[in-house]
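A.B. asks: Dock chain to chain to rebuild the complex, using the hints, since each chain is given by itself in its own frame.
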Amino acid sequence: MTRTAHVFFLILAAAAFAGMPAHGSMTKEDLASVEKLDAVTIPMPGEFFTAMGKVGQPAWGQYLRSGSPGVTDSRSMIALGLGTLVADGYVAVEAQDGQAIKNIGKEILALAKKLNVSQSVLGRSNSIADFADNNDWNALREELEATQNEVKLDMVDQNDDRLVTLVSLGAWIRGVDLVSGMVTTEYSPAGAKLLRQPAIIEYLMAGIDELPESARNEAPLPEIRAGLVTSLPLVEPEVPSAEQVANLNTTMRALFDRINGSAPTP
Amino acid sequence: MKNLLFFLLLPLCAAMAQETPVAEEVLPDISARSLALELAGAFTNDGYRLRDGFWPGEIEPGRPRYLEVNLFAGNEYWFCAAATPPARKLSVSVFDAAGKRVEFQSYGDGASAAAGFEPDISGKYFLKLDLLEGEKSPFCLIYAYK
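As they're listed, the protein sequences go chains H and U. So for the first sequence, the numbering used here puts the first residue at 1; every next one is plus one. So for the second sequence, the numbering used here puts the first residue at 267; every next one is plus one.
Among these hints, one or two may not hold up.
Claimed, not checked - Taking beta-carbon pairs under 8 Å as the criterion, some of the chain U residues facing chain H (in silico):
no.: 1; residue: 317
no.: 2; residue: 319
no.: 3; residue: 320
no.: 4; residue: 333
no.: 5; residue: 339
no.: 6; residue: 340
no.: 7; residue: 361
no.: 8; residue: 390
no.: 9; residue: 392
no.: 10; residue: 411
no.: 11; residue: 412
Said to hold, decoys possible - Pairs of lysine to aspartate or glutamate residues, derived as EDC-like cross-links and limited to a Cα-Cα distance of at most 20 Å, are as follows:
no.: 12; chain 1: U; residue 1: 366; chain 2: H; residue 2: 30
no.: 13; chain 1: H; residue 1: 54; chain 2: U; residue 2: 386
no.: 14; chain 1: U; residue 1: 366; chain 2: H; residue 2: 29
no.: 15; chain 1: H; residue 1: 36; chain 2: U; residue 2: 362
no.: 16; chain 1: U; residue 1: 402; chain 2: H; residue 2: 202
To be verified - Pulled a few chain U residues facing chain H out of the computed Cβ check, cut under 7 Å:
no.: 17; residue: 315
no.: 18; residue: 341
no.: 19; residue: 367
Rather than coming from a laboratory, the hints here were simulated on the basis of the structure. All residues carry an ideal CB built from backbone N, CA and C; glycine is no exception.
The following block holds chain U by itself, in its conformation from the complex (with noise of 0.2 Å):
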């Protein structure tokens, strides 16, 4: 039930985060990266290897942050970003290699968010990173693929 719980309590914190700011210090096991690594280790019993390599950083609204990806056609991939407060929202979104948004599928649950994608076509894409809600806040991002 650990990841049930933990997919339950995110809108509780979040609302918490909004109503009072929590020192970081105050949750000091609580990283971005554990919060990514949470949301994605939910792919991984359904056949999704996870990379070990990861995205780390700091967001702030209207400054979303891009980052390049090299992927495969005919895998299936998931990007799970995760941001620790005062962040309250977070997407992410993918972009072929001209730049030109792609369909995938868009998981958003407050400061944690995810995009699944399954390319047609080998090569370069772009990933998206926005916080549409809160303030400057760490982030992290991991990804999935199977």
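Chain H with its partners taken away, still in its complex shape (with noise of 0.2 Å):
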């Protein structure tokens, strides 16, 4: 038995002798003081993708992403289309297809250079480019998490905050398109409850209603938020249905094809 089996079981002994604690409800006031943080309320794609995983087995090569993000001065744009290109980086990896995460790699470090926030960025770059090569898959999947959060890290050094919650936009946007599409193809009740996920669209509208004006009115962001708002009540049903989750899809990957341009979807 290896020392982590140890540590395992032994938490799970404990646990089991734990006990649960005494059954109750949190008050008003409890759920007022909710706090949420982006880094831990809002899960990574990766997540989303090994939930998916385990209802069906996904053809991930199918869905490697097969054009950039379109060219645009935007910081806004830019923001979106990085937190696209992060949530194809998980794709890649369960596609296990490490040329594709390399070339995902030097995507995100052109775009994060273009918002002035690609230092950290680089070193991160090179590690993706090494674990590839090493086809250590588990690794990549942190890798891609530590690079988008320092980018965000280095968008608050910037005062430019904004561009945060975008970058999580874009990335569960296109989690959403990917999941929803594969769900649509072959829809089953399992694969429908994972985009049974309100909260978040409500967290990402709440973060586009608090930008400045200037920046929430900047295209293609109210688009963005009509769409969420489209989505948000297909998304509420425990299980949402198949014409519920084609809708998505449709709503998703208009949105996902507008952050990109004229960049080919596949």
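C.D. replies: Set out below in structure tokens:
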């Protein structure tokens, strides 16, 4: 038995003997005091894809990104595009395609340079290439999230906090676009259940609403916000129907295509 | 043996903390985050993947902290938290979107604690972090999933 297995069983044994805490509910005051933190409250696409991988056996290779984000000078668009790239990085990891992940790493770096947040990403980009060469897929998952988090930290340091929300927004749109597409192709209640994430949409809408007016009204954010409003009722049921999933996919695909300009999508 | 030693030494460290207040600068390398990472690290070789994001802050007795997380049905989660002295006993618990406590596995060892949870329904949940014994202290929470 390995040392980690020892520790793992120690924890499980302790958990078994710890007993459940007394049953109870949160008070109104407790609910009002709940905190939200982008880095923990919003799941990464990899977490989404792990759940999807349990439901079926997606042919991840079919979903590899085939184009780059459209060329733009808009910092908002670049941040959104960067988020979509991170999501596509996880697809490449699930597909275990080392070259695809290296290409995505280079594209992330290129966008980070445009946002002047490339210093911390440079090292990460090299690590991504090394891990890809060594087929270390778990390390790549961690590295992708770490890359995204470092980009966000740099944005905060540069008083570009608004871009943080947009990176998360881009990643979520691409993740839902992909998973809803998979579930639309082969509907299953178990797959549809994964899409039930209304709180994330509410969080992202609130993030857009908190942006300065000029940023909030910059294209394509009004369009994206409208798409989120359309999506919200589709992801509220415990098990969205096949029709709801298809409608969700249509909405998210349109938003993804809008973010990426004329880039072809798989 | 590093992880095992860590778990064996934690209660000892907690006991020492009760008897002799230790100034934080005496143990500069033991941060709440590294303690939480040690705890979560026990799961990674069992196929759990560690989130890079973490929840740092301060916790004091009688003033629990709550955090929203959004989880996926079918995934298995361990939420791992640790606090540094003068914290002595910490707990982590899980509530659904309505604020009702859900069934979860509970682990606690002094100022380190974890909650294991496998949701049947995707969506919003709340984590409660409570300092049961000790004084106001820095904490960190991270989570692992598979």
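A.B. asks: All the hints need checking, so say for each whether the structure fits it.
C.D. replies: Structure-based check of each hint:
no. : hint            : result
1   : 317             : 7 Å, holds
2   : 319             : 3 Å, holds
3   : 320             : 7 Å, holds
4   : 333             : 5 Å, holds
5   : 339             : 5 Å, holds
6   : 340             : 5 Å, holds
7   : 361             : 6 Å, holds
8   : 390             : 4 Å, holds
9   : 392             : 6 Å, holds
10  : 411             : 6 Å, holds
11  : 412             : 7 Å, holds
12  : U:366 <-> H:30  : 11 Å, holds
13  : H:54 <-> U:386  : 13 Å, holds
14  : U:366 <-> H:29  : 14 Å, holds
15  : H:36 <-> U:362  : 15 Å, holds
16  : U:402 <-> H:202 : 33 Å, violated
17  : 315             : 6 Å, holds
18  : 341             : 5 Å, holds
19  : 367             : 5 Å, holds
Of the hints listed earlier, the one the structure fails to meet is number 16.
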